Amino acid sequence: MRDAATADERRVETLEINVGPHHPSTHGVFRAILELDGEIVLNVTPYLGYLHRGYEKTCEAKTYHNVIPLAERCDYMGASSNSFAFCVAAEKLMDVEVPPRAQTIRIMMAELSRIFSHLFWLGTHAHDVGAMTPLFYCLREREDIMNLFELTAGGRLMPNYIRIGGVIADLEEGFVERLRSFTDAFDGHVDEYETLLTKNAIYMDRTSGIGILTKEDAIALGASGPMARASGIAWDIRKSEPYSGYENYDFDIAVEYGCDVYSRYLVRMKEMRESNRILLQAIGRLEEGPIRATKPGFVFPPQEEIYTRSESLIHHFMLVVEGVQPPKGGEVYQYIESPRGELGCYLVSDGGPKPYRLKWRAPAFVNLQTLAKMSQGAFLSDFIAILSSVDIVLAEVDR
Amino acid sequence: MGIERSLSNNVLVTSLEWAVNWARKSSMWPLGFGLACCALEMIATFVSRYDLSRFGMEVARPSPRQADLMIVAGTASKKMLPAVLRIYEQMTEPRYVIAMGACACSGGIYKNYAVVQGIDRHLPVDVYIPGCPPRPEALLDGILQLHAKVMQEQSIRNPRITDILAAPK
Amino acid sequence: MNQEAIKERLVSAFGAEVIQGAVLFADQMAVTVVKDKILDVCRFLKTDPDLAFDLLSFVGGVDRHPASPRFEVVYQLYSMRHKHRFRIKAMVEEEQEGLGTIDSVVELWPTASWHERETAEMFGIEFTGHPDPRKLLLPEEWYVYPLRKDFPVEGTEDTPDLPAAQIREG
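Going line by line, the protein sequences match chains A, B and C. The numbering used here applies: residue 30 is where the first sequence begins, and numbers increase by one. The numbering used here applies: residue 6 is where the second sequence begins, and numbers increase by one. The numbering used here applies: residue 707 is where the third sequence begins, and numbers increase by one.
Calculated directly from the structure, the hints in this document are not laboratory data. Source: prediction; values computed, not measured. Cβ coordinates follow ideal geometry from the N, Cα and C atoms, glycine included. No false leads were slipped in.
Lysine-lysine pairs mimicking DSS-like chemistry, simulated, CA-CA at most 25 Å apart: (1) A:Lys402 - C:Lys752; (2) A:Lys268 - C:Lys752; (3) C:Lys789 - A:Lys268; (4) C:Lys841 - C:Lys855; (5) C:Lys855 - A:Lys357; (6) A:Lys91 - B:Lys116; (7) A:Lys357 - A:Lys121.
In silico negatives: residues of chain A with every beta carbon more than 12 Å from chain B: (8) Gly67; (9) Val73; (10) Pro128; (11) Leu177; (12) Arg207; (13) Arg209; (14) Ala214; (15) Gly238; (16) Asp246; (17) Glu285; (18) Gly313; (19) Gly326; (20) Gly359; (21) Gln398; (22) Ala401; (23) Gly406.
Use the sequences and the hints to build the structure in full.
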């Protein structure tokens, strides 16, 4: 029999559970060890690397043009934004100026990728929180966008359309009409999603006040994109450091001040509407002209000329066989606003045809650092909602 | 109405093996093992445009104990490999594996230190679906080929029956 | 402020001997500072009101093998208030025994935590003062530094598929 003194000694232990790497709600192979006190999360330790594919090392072994399809597979939700970021960096390194038609087409692809990515985020985020219906609606819209991607260069998910100096081929006939019918219908679709979720009492209960990331924490932890804009930081690289002609477009920055999961939802919904606005303006700005710059030795000559002019044939041949020769000792860091935040590419050149060093500044990698801070004191089911609001793509996090 | 009208007052004669195989292939529940980009095309196959529920497979189970088919969709990195194998071991028999995408078939465009050069080095793969990523139609074609393979299987393993069938006449 | 003016602020605060080199390419400047002063320089860059670099975009490494010092650690900075960017580098030598070290900047910018972990495991550099110096992306059993120039892309026998025997042990 225990006497009274020891019967009062109690030991409180925290529970450690393992979430992932195979888990329906981790959006890929993400693993976290949670320390729980009952159902309250005390500590989150993320374990990454389950999709580490050696991207940066592989890029050192490929020529600049061969890096483009590899880059697209980094953030597979909005694939064109990756090749956009890399091409913008390579163009800065090699001092290539992109013609206006190609800039407009690239903006179309970038904004379509943004809508593409946010739609998938919306579907899976709602699924994590418990609402299964928006997933089917969002994926239906994504099929329309995938039809448009297929028209550009043949790939549904990874169109592989953007090249250093421009794009690979001109838009097909019928692309602009299909894009216009998509943009005309899209605002109505966003209204549909809003009726499902925005004023839904259950959704608001599950996401309001959850996962608070204050403005100071967001800057200290390097958050960018919708994560930062939902904490009141009005920072959008398309506005503050415009690239590829974004300064000519009229759109608003989507900012919310709630700092919680619900604010991130509102920011992304607003961003989808603004992207639609940009698409409509881009259709109007499309002008005739070349779709790739003319810089022999760096940019592929147009396809028609390769078959008719011998200099173009020789330039094409040398580019494929030898590769480009960017200036030795050149280094650039160029960045775009991807659907997740600041997507940057740091290129170091040694004068050879392959990048000496390619450092990919992945926004999802940096935004994921905020997870531990945001989840302290939340319930386990809130942790899932917070994780899905960060909008991670594991291929970008792990590279 | 329905199929009963054409089957009424009839006797269907078939082998038990055919019936078991038919039941297995018509309700094969996949374990959604989406690792990377191919997972997006796998999800696109599940939803309304390329509807996988016409084949009885829309019930994607998160738990390997309840799944029959593991679709390895995406790159298996070397760090992830132990988890893949442990999940495969937890699946109950009969279990099938589809390697979807170039990375699962052979390592894909990642021939480097961090990627398993094809999960068939460690798992018995039934159907390989190449592509980067393969279209949903390609995944459906691969699944149908797996169904055809299942129909050919010798699924009845009652030793008494196989002994009788194998005994010299 | 333009890039030259930022460099002048640095020189006037620390003296010209803190700058080991500067590269101006495509309107972007990258200044190499003395490794031992990196923490002070970064603190100055963050707290000075005209510079105010409050956001660290990334910390990365470059292997300059066979040059010596071998590793470059690159810090890319952005200022929310003034909307200017700057790049700072520090050189780390390869040590005969053990790993080259450099101070960690986590106390200034908490976002550096994972960047430094990744740079440390990929290049074999130690960031002194880092609160959590575990491996981030690579398996814990490996003891290789993949992003070094003398490491082959296909891997070596030190980067095997983790064998099944190891999996059975759990």
